[in-house]
Every structure is written in C-alpha cells, then in structure tokens.
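Enquirer: Okay, here's what each chain looks like letter by letter:
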Amino acid sequence: MAKRKLKRVDLIFSQDCSCKDILTAALKKSREEIIQELIDSGLKGRGGAGFPTGLKWKMAAAEKGNRKYVICNADEGEPGTFKDREILDRVALKVLGGMALCAYVIDAREGYIYLRYEYRFLIPKLEKMIETFHKWMDEFDLDFRVKLFIGGGAYVCGEETSLIESMEGKRGEPRNKPPYPTNQGYLGKPTVVNNVETLVYTMMIMRIGAEEFKAMGIEGSSGSKLFSVSGDTHKAGIYEIEMGMTLEDFVKEFGDGDTKAVQVGGASGFCVPRKRFKETTIGFQGGLKGFSLPTGGSMMIFNSSRSMYNVLHNYLEFFEEESCGQCTPCRVGCQQLLKGIEAIKRGEKSHRYLNDLMRLSETMKLTAKCGLGQSVANSFASIVENFREEMIY
Amino acid sequence: MTVKMINLTIDGKKIGVPEGTTLLEAAKLEKVKIPTLCYHDDLCIAGNCRVCVVEVEGWRVLPAACATPAMEGMVVYTNSPLVRRARRDILALLVSEHSTQCTTCYRSTNCELQELAAEYNIDNEIYINLIKDKHFTIDRTSWAIEKDETKCIRCQRCVRTCAELQKVNALDVIHKGANMKIATFFDTVMSEVVCTNCGQCINRCPTGALTERRYIDEIWDALGDPEKHVIVQTAPAVRVALGEVLGFEPGVRVTGKMAAALKHLGFDSVLDTDFAADLTIMEEGHELLDRLKRKLVDKEDVSLPLMTSCSPGWIKFIEHMYPDHLGHLSTCKSPQQMFGAIAKTYYAERKGLDPKNIVNVSVMPCSAKKYEANRIEMNDSGFQDVDLVCTTRELGHMIRQSGVDFKEIPEAKFDPFMGDSTGAAVIFGATGGVMEAALRTAYEVVTGREVPFDGLNITPVRGMDGIREAKVKLENVLPEWSFLEGVELRVAIAHGLTNATQIMDDVAIGNSPYHFIEIMACPGGCIGGGGQPIPTNAEIRRKRAEAIYTEDEKMVIRKSHQNPEVIQLYKEFLGKPLGEKSHHLLHTKYVRRERV
Amino acid sequence: MRTRQSAVKAAVEKHGKERKNLLPILQEVKRSKNYLSRSDISDVAAEMNLSSAYVYGVASFYHFLDLEERGQNIIWICKTISCYMKGSKDILLALEEALKIKVGETTSDGKFTLLQTNCIGWCHKGPAMLINDQPFTDLTTEKVLNIIEEYYQKS
Numbered sequence: 001m002a003k004r005k006l007k008r009v010d011l012i013f014s015q016d017c018s019c020k021d022i023l024t025a026a027l028k029k030s031r032e033e034i035i036q037e038l039i040d041s042g043l044k045g046r047g048g049a050g051f052p053t054g055l056k057w058k059m060a061a062a063e064k065g066n067r068k069y070v071i072c073n074a075d076e077g078e079p080g081t082f083k084d085r086e087i088l089d090r091v092a093l094k095v096l097g098g099m100a101l102c103a104y105v106i107d108a109r110e111g112y113i114y115l116r117y118e119y120r121f122l123i124p125k126l127e128k129m130i131e132t133f134h135k136w137m138d139e140f141d142l143d144f145r146v147k148l149f150i151g152g153g154a155y156v157c158g159e160e161t162s163l164i165e166s167m168e169g170k171r172g173e174p175r176n177k178p179p180y181p182t183n184q185g186y187l188g189k190p191t192v193v194n195n196v197e198t199l200v201y202t203m204m205i206m207r208i209g210a211e212e213f214k215a216m217g218i219e220g221s222s223g224s225k226l227f228s229v230s231g232d233t234h235k236a237g238i239y240e241i242e243m244g245m246t247l248e249d250f251v252k253e254f255g256d257g258d259t260k261a262v263q264v265g266g267a268s269g270f271c272v273p274r275k276r277f278k279e280t281t282i283g284f285q286g287g288l289k290g291f292s293l294p295t296g297g298s299m300m301i302f303n304s305s306r307s308m309y310n311v312l313h314n315y316l317e318f319f320e321e322e323s324c325g326q327c328t329p330c331r332v333g334c335q336q337l338l339k340g341i342e343a344i345k346r347g348e349k350s351h352r353y354l355n356d357l358m359r360l361s362e363t364m365k366l367t368a369k370c371g372l373g374q375s376v377a378n379s380f381a382s383i384v385e386n387f388r389e390e391m392i393y
Numbered sequence: 001m002t003v004k005m006i007n008l009t010i011d012g013k014k015i016g017v018p019e020g021t022t023l024l025e026a027a028k029l030e031k032v033k034i035p036t037l038c039y040h041d042d043l044c045i046a047g048n049c050r051v052c053v054v055e056v057e058g059w060r061v062l063p064a065a066c067a068t069p070a071m072e073g074m075v076v077y078t079n080s081p082l083v084r085r086a087r088r089d090i091l092a093l094l095v096s097e098h099s100t101q102c103t104t105c106y107r108s109t110n111c112e113l114q115e116l117a118a119e120y121n122i123d124n125e126i127y128i129n130l131i132k133d134k135h136f137t138i139d140r141t142s143w144a145i146e147k148d149e150t151k152c153i154r155c156q157r158c159v160r161t162c163a164e165l166q167k168v169n170a171l172d173v174i175h176k177g178a179n180m181k182i183a184t185f186f187d188t189v190m191s192e193v194v195c196t197n198c199g200q201c202i203n204r205c206p207t208g209a210l211t212e213r214r215y216i217d218e219i220w221d222a223l224g225d226p227e228k229h230v231i232v233q234t235a236p237a238v239r240v241a242l243g244e245v246l247g248f249e250p251g252v253r254v255t256g257k258m259a260a261a262l263k264h265l266g267f268d269s270v271l272d273t274d275f276a277a278d279l280t281i282m283e284e285g286h287e288l289l290d291r292l293k294r295k296l297v298d299k300e301d302v303s304l305p306l307m308t309s310c311s312p313g314w315i316k317f318i319e320h321m322y323p324d325h326l327g328h329l330s331t332c333k334s335p336q337q338m339f340g341a342i343a344k345t346y347y348a349e350r351k352g353l354d355p356k357n358i359v360n361v362s363v364m365p366c367s368a369k370k371y372e373a374n375r376i377e378m379n380d381s382g383f384q385d386v387d388l389v390c391t392t393r394e395l396g397h398m399i400r401q402s403g404v405d406f407k408e409i410p411e412a413k414f415d416p417f418m419g420d421s422t423g424a425a426v427i428f429g430a431t432g433g434v435m436e437a438a439l440r441t442a443y444e445v446v447t448g449r450e451v452p453f454d455g456l457n458i459t460p461v462r463g464m465d466g467i468r469e470a471k472v473k474l475e476n477v478l479p480e481w482s483f484l485e486g487v488e489l490r491v492a493i494a495h496g497l498t499n500a501t502q503i504m505d506d507v508a509i510g511n512s513p514y515h516f517i518e519i520m521a522c523p524g525g526c527i528g529g530g531g532q533p534i535p536t537n538a539e540i541r542r543k544r545a546e547a548i549y550t551e552d553e554k555m556v557i558r559k560s561h562q563n564p565e566v567i568q569l570y571k572e573f574l575g576k577p578l579g580e581k582s583h584h585l586l587h588t589k590y591v592r593r594e595r596v
Numbered sequence: 001m002r003t004r005q006s007a008v009k010a011a012v013e014k015h016g017k018e019r020k021n022l023l024p025i026l027q028e029v030k031r032s033k034n035y036l037s038r039s040d041i042s043d044v045a046a047e048m049n050l051s052s053a054y055v056y057g058v059a060s061f062y063h064f065l066d067l068e069e070r071g072q073n074i075i076w077i078c079k080t081i082s083c084y085m086k087g088s089k090d091i092l093l094a095l096e097e098a099l100k101i102k103v104g105e106t107t108s109d110g111k112f113t114l115l116q117t118n119c120i121g122w123c124h125k126g127p128a129m130l131i132n133d134q135p136f137t138d139l140t141t142e143k144v145l146n147i148i149e150e151y152y153q154k155s
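Chains as they are written, first to last, in the numbering used here: chain A, 1 to 393; chain B, 1 to 596; chain C, 1 to 155.
Keep in mind that the hints are not guaranteed to be accurate.
Ranges of calculated distance between the beta carbons of each label pair, as one might list FRET restraints [said to hold, decoys possible]:
1. A:Tyr393 <-> C:Asp109: 43 to 49 Å
2. A:Asn355 <-> B:Gly16: 39 to 45 Å
3. C:Asp109 <-> B:Cys44: 46 to 52 Å
Since the hints were made in silico from the structure, they are not lab data.
Bear in mind that the values here come from a model prediction, so they are computed numbers and not experimental data.
Note that CB positions come from ideal geometry on N, CA and C, so glycine has one too.
Using the sequences and the hints, build the whole thing.
Expert: Listed below in structure tokens is the structure:
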C-alpha cells in the first residue's frame, strides 16, 4: 500500500467556484452519468462507515415509486468530531447542492437536514440558505424542497436507521437490516441518508471530475477528507487532507512533540499507540489488523501526561449512556465494560478479568444490532491491548 | 404466483426455502432449534435479545436468525464454537442484569431465561451483578398484575403485546442506555394507568417480570377456616387448559379431574361459572331483544349495536379509550360476577347460610377478573360478590401443593345447585362463543324454532379470524315478536383489543352495521386469557378451542334457556329476565376513565 | 376530565397529528418552560391519538427533551474527554460555586439549571458549553463567570 506524505487539500471550503455553476453543469448530465461518475470517483461515505456513495444512489435510483427522500445526516455526535458544524456554518449551499444532485439522481422531491440539537444556533443561517436554495430549484425547474429536522440529543441517531426512526416520531432505535433505507427508509419509502461532508464531495466531484478526485488518496480510499483535530495539539481545528496519510506524518504535523497515542475515529474508533504510528494509515481498508483505519474524521491526540484509563473510562461512560439500550450486547455489555475496568482499578477484580472483558468486547462486536454496539470494542480493545498496565495500576 | 425459492446451507445441509423465510424459520424446517428470547410467534420481530445469533460464512458479524432473511447461497452455522461462545456471553449478560433468586420465583421451572442459562451452563459470577446498584422496584399496586423490574430482561415482548395485540400501550420502553427499562407513563404504578389487566403481557413474558397477583395463600386460609363456607366456580376455558400445567398436552379436557381435585382441596361446594354463563345469556339475550323493540317499535334513542360485557379487560379498555360510548355495552355483569351475586343471596338463602360466611372463589383463565371482582360496583349482594380470584396457573400450583396426583385422580362431577350447565355456556370460553350461545337462545325465543344451523353449530361465528361477522334472518316469528319479522340480525365478533378497536372506531362514528357485537380482550377469547398456562401461541389456542367445542357437543343440553337450574332460579327467585331483582343483582354500570 | 392545554393543541395543529411530527411538537411544547411536564406529555399523546406511555418513552430517549423542571437558562457543559483535557472540570466547579448548586440542580431563583452533556462539537475550542442554544468555547473560569453574569442580568 502506497504511503504518502500528508497533503493538504482545499476543496470543501474553497470559494473559487459557485455552487450554482456546479449544479447547472451537473444537472445537464443524465442520472446514469452522475452515478457512474460517483462510482468512478471511489467516493465513500464520510460519516465513518464508508459505504460507496455512488452505489447507494444507484440502489435508491433503481427503486420504483415517486416518493423518495434525501436526508442529510447532520447528527454529528462522535466525540472529537466538529467538521459538519463547520461545513454547515460556512458552505451550507454546497451541502444543499449535493442534496439536489441526489434528488435529481434518485427522483426525490423532499429532503431533510437532520440537524443535531446541539447545533440549533445554526438554524437561522440554514433557513436563509434553504430559502436561497429553493429559489435556485425553481430556476432549475427541479421539484425539490428541503426542510430542517432538529434532533433531540441522541448519539445513536447518527446511525441512519435510528435517524429515520427518530424522524418518524419514535425512539431512535436502529432497525433490523435488511431492508436498508435505500429500499425502505423514511416512512417506508426509498431513502438516501448521506453525511454532510459526503454531500459536499459529490458536488466537488461534479466540479473536478472523478479522475482528479480519484487521483488523490490511496487504493480503496480515494480523495480527501476533513479531519477534526483535538486534544494535545497546538493546531486544534479542521483540516482537509488527502486520504492515506500515515499517523507518523499526522503526528509530526499536529502533535506536541510528546504524543503517546492518537484516537482515530472518536469513541467508536481505534486508539493507536506511538509504536504503530509509522505503519498506520488513514483510509477504509480493513480494521485494526490492516493498520488502515476508517474514521469520520475525529483525531484526538494524547500526550504522555494523559491516563489512558481515564480516556477509556470517559468513552465507556459515553457509550453506557448513549446506547439505545434495545440489544443485550450493547446495553449490558457497555455497563459491564465500564464497571469491569472500575472494579479492576479498585482491585476488586483481578487483572485477569481484563481478558474476560476483551472477550466480551469481541462478542459485542460480533453480535450487537448496530454499528454503535459493534464499535465499542474498537476503542476498548485497542486501548486495553496497548495500555494494559494503565488499566490495572 | 410462484414463490421464489432460496437455496442455502444450514449446518452442512443444503436446503431450499421460500423467499422471505428467516434463518430461524429455515432452521426450524430442518428441525434445528435456535434459542430465542425476544422472539414470540404472536409478535413482530424485534431482533434485540441477540440470543439467536448464527454464523454466516463471509459475514463480519453474527446476525440474529430471527431478523435475517435467508439469502441465496448463504452458508449458515447454528452451533459453531463462535456462535456458542457469543450466545453464552449474551446469556451471561442477561443473567447479570436479572435477579437470579430462582428458588423464590413464581416462574421457576417455567422461565425461558432459566432454561437457557442452565442449557448453556452460565456461571453467575462471570460478570458483575448490575441490579444491586439500580433502584428497581416491584409494583404490587394492581389487583391483577405484578411487575418486578429485577426480573426484566428487556426483550420488549410485553411492550409489543400491549401495542400490537391490544393497542393499549400501557407499557413502553423508557430512557436509553444503562437506564433503559420497561415502564408505564412516567413510571406510574400499574393500578393507575391505562392497563386493562388483560394479562397478555404475562403470557408472553419469558421470565417472572410480569406475573398475576397471586391469591393462593388467601384461598388456603379461607379453606382452612371452619367458619367459612368456601364456594369455587370455574370458568369454561379453565377445563381445557389446566391440564397443560399438570402434565397434559394442550387441548386435553380435564373437567372431571379438575372437579375432583377442587373437592380434594377442600372447597365446600364445587360449582360452575357455566351456570352463570347461561344466566348471562338469558339476561343479555333479552336485553338485545328489548333494545331492538325500543328502537324499532318505540322509536327510542337506544344504543345499538349492543356489545357484550363478559370480558373485564374489554370493559376497562372501552372505559379508557371510548368513554363516550359506554352506552353500547350490555349492562349485564360478567358470569363471574352474576355467579357471585347469586351465590351470596339465592344460594345462601336456599342453603340456610349467612352470606357473610360465604367465601366466593373463582378460577379464571384471566387476570382481569381479579380486578373485576374488586371493582366497587361489585357489591350488590350486600357483600363483595366475589372474594378471591385465581388463575388457571394458580390453581395448577395449588393442586401441586396439595399433593394430588392429577393424572391419576378419578373424575368427579360438579356439585348440584349452580353446578349445572349447557353446551352454550361452555363455548363462552372461545371467541364467538357468547355470540353463538346468544343466537341459539334469542333465535328460539323469537321464532320458537332452533337456529337454522346444522347441529346447532353456528360455524360462521367460530374460528380465529380477528374479526368475523354473520347474518341471521328472522322469519315466521312468534306473534309477540312480530316487529322482528324479516329483520336480518347482523352480528360481529372480535377478539384481541386491536381488533376491537377496528370495530369500535366504526361504532364511535355511528357507522356500525351490526345489531350485536361480541368482544373478548384476549386473542382466541378466554382460552387465550391472561391467566392461562404459559406458553401460548396460535396452535395451542386452536387446540384449546377445539376442546371447548368438543365439550359442547358432548353436553346433553346445549341451549342456555334450557338449563334446568337457571329455569328454577327464575321461577324461585329472579322472576323474569331483566326483572327488578335481575336489575339489582345482575346488571351494572360503567365508569369513564382517563387515558394515561 | 381535565381539559387539554391550548398551547399543546396549537403545536399539534401547526405540525400535524401524524406521528412523524412528534419530535418537533415536543420540542415546541417544551420551549415555553424549558421542560415537559406530565400533563404536557399526556396532552400531546391525546391530541395525536398516541398512548401516553409511548410519548413518554420517546421523550425520555432524547437528552434535550427534559422531563424535569428546569430553570430559565439551561447550562450544558461538555463532559467529553477533549474538553476534560482542557479543564472542563474547573469550569464545572466554578459554576457550581458561583450558582451554589450541584450538577443536575436548578438555582433557587429559577434562573439557571446546571447540566452536563456529551460532545457538543467544539473539541478544538474546549472547554465548551451550551447555554440554551448558544455555544460558548475556550472557556476559562473567569470567562464563564462573566457569561453567567450577563445571562443573570438579561433574565
């Protein structure tokens, strides 16, 4: 796998091309052409799960019926992620443009931006943008309207089927899959749910073309993406960087010189210790074993003054609270992991109990109903494996 | 239309199943049992307990068999090391969240978690006990249902039952994460919410989290008190299900054994609710004819359709959900309550007993009957008409406690005097039975002839369809009923409160085409009642219903108005149906209730 | 029987009775007094022809549909590790001291309720908090006291 030096990109926030022009050009293409271009670009969902965007649109486009929905997932809740807020704050029209593209491709007339409650302060601005956008839609003669839907404060609603349940006036509990939303989504109709950043990239691909987009990044992880950098760094903020950077390069750029670990992908992501910075790249290939890690962009940097026990404890408290609670492995598993490390720390359980908890996290990964429960094991296992002594003493 | 077949491999065996079949169903076809907890035959798929996970080649995760459709070419392992380990972990997690005081649990030996935990050899010490730190409560406020949070495994079967089958939604899931639990509105006590006491949640609870409030000790106390004359009445549906808790297969009629066992337990008089069911038909049948006359002849503004009032779950449901339409309910008390009122008046008088020393015990297939007996209106005899109500399950417990060998006990008969019954009364236990019994009597009263159905079996009103309807044309009627000449009597039957809602919505907007409607709160009617043996499913309910109809056919008298003891009761005590004494003892009023 | 509140009726009318509008309706009903009471929930349920337990179950799922009485201003302090690393604990302690309440409590004058919440998306500018809808970032103990003072004057 080719490794490259960290390379900054300026697509998402660039103001050098108007959204309207991009849409004008794109809407002259056929649906099939747009789908093909997205597929060729290799764009994968930027929310963290990494499903190929072109394929998602293709599946929804293939569904019959005249009621379909486009939903922009702006329920950004992964600890350490703040890119979607920044996008909506600065380039909301690009997001809306991406929604229009999708609506055109799949033949949808209604769209929603599912905005997390914590970003309510963006509402006035977004409403204004939507107003402008609707005027464009009239000019383009595209029958498509977008509404805001405000979340209620639940991390799990970032999972697309929970998000849909929540929009239907229910508890945001993930559904059984199949059926997938492209087949039966909001109100039972075919629905595309895309992350904020993903939608912007569909517009950018329309602008620069699939070729140029694909030229960036590495095999299986093309293009660039936004990274939300926080923790022990002097350069906390948002950066657009080519896919495929190594953590070594990342830490060189952003670390404070004493970086001991980087948490890639937030609480549901992986903790990478210093000794593995060199061999770890950021992309979609595989999980921890392939050392190429997927992420929604959360990059938390910890220096040697930090207790990884505290980090894990904080994550587990988060999961124990944010699990929807419906499935056994996640509801009870999260509580057991949290109580388990506490008991070990207090000396009430032997350090061997960590092995039981590791096995439990593996079971959670295999059997939980949705991505939330499945990914608790990511941070748990990677922190415990690499910082075992910190868990015990 | 041909069904597409899906080819897959389960545990090394290649099979084909129709498209849409789940892995759980596919395995079942291959006689492989995959363990389940949140799955229930009567309910929609939840896929939340994850006990049914299986391994599929090439899949990153272990999918839940109940929620995963068979797909072409799948290679499935239902019992691989990975699957066994995962299931064991999941069961251990459930155990860590569950009160494991099995020795003192009412559901011990009939608990799905206990069974699986034993099967998978779960060590109680694997994970940290979580319930210690939680402020769980046991809610014993309801006359009918006990809710013990320490035993809840959050499978949500009760929630789905209450929503899907009953459209009551008294229970729902609240909070999330570690705090997620099953609760009522703002965690209000069960006695003060919209709960109808139907007990369908109890029947589907895999553990002891939801049980009926037990009165076993109170009954033993009464039996042991020499001052007391303890009468027991047994509902029709009990005799076709009691066997299930005492070693018989579903559908076996144990009427005679039950009567014998009750005598052995020490009841002073072993009587039959069926007697009161016949009495109910007399009153309710005449109420229908009376309402028809007032409507058609006197042009009065009476509520039609008339709706049955035997099912206390249904009564509380309509009181909460349709408080503006209580006028449609028959004012007749249920058979249990008619029996109680008559026992403490007529029976007491005839036997020379002081009614204050009579203890009326009833054995019911129902949890709502416990509530009904405690309604403040139910004191027309001057005392609480029915004192203690136990379920079929509780009677099973009592019989086991007594040491009686139920399988071997020789059959006995009910005691005379309020022990007589007819086939019409027996079928009260199945959905459509009250309607059939009422038609057998009403038709004959009006025309002087038997109902025009082969062998008195009014088959259109039978069966398990959620809503059924029938028409009976009244021709060549007797002179006093001339206003009914040519009238086509239209009737409907619904069981399960979701189906009742469908009927009731039409009634509420004045759009119901029927004259008479039978509604039973529970799926299948009383044979599927909330006090019946666990488990329940469509097949078991069908067998119980079959047994009910067999019992009917074996009866000598099959029409309520021919019950000799009922005839005698009217002659000696009540006078006539809807008479003054009937009105006082056998009829009741209903209460408007809030919907929280 | 109790009559239903006109504010609830108006909210249901505005958004529509279909279940899909439940969240916007609850959010709107909540706005007037910062929390949802028993009667709010049961009135919404009745107006929408849903069960009260169901609506309660939905409301209790979401952090920001508060079901306990709250003050005029709700302070939500981020408790995620990134803010913690930047000193959110000090901010919390400073607020507890200034307002003379603990987390989860409301001041006796009913002006402030102090709560914690999960990541609010300002990790690069921690410690961060929300007061009602408004985010505040790069907090210091000094800064936070000034902010509180401002809100105190306003309300």
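Enquirer: If a hint holds in the structure, say so; if it does not, say that too.
Expert: The hints, checked one at a time:
1. Distance hint check: the CB atoms of A:Tyr393 and C:Asp109 are about 47 Å apart, consistent with the given range 43 to 49 Å.
2. Distance hint check for A:Asn355 and B:Gly16: the Cβ-Cβ separation is about 43 Å, which falls inside the suggested range of 39 to 45 Å.
3. Against the hinted window of 46 to 52 Å, the Cβ-Cβ separation of C:Asp109 and B:Cys44 comes to about 50 Å, which satisfies the hint.
Of the numbered hints stated above, none is contradicted by the structure.
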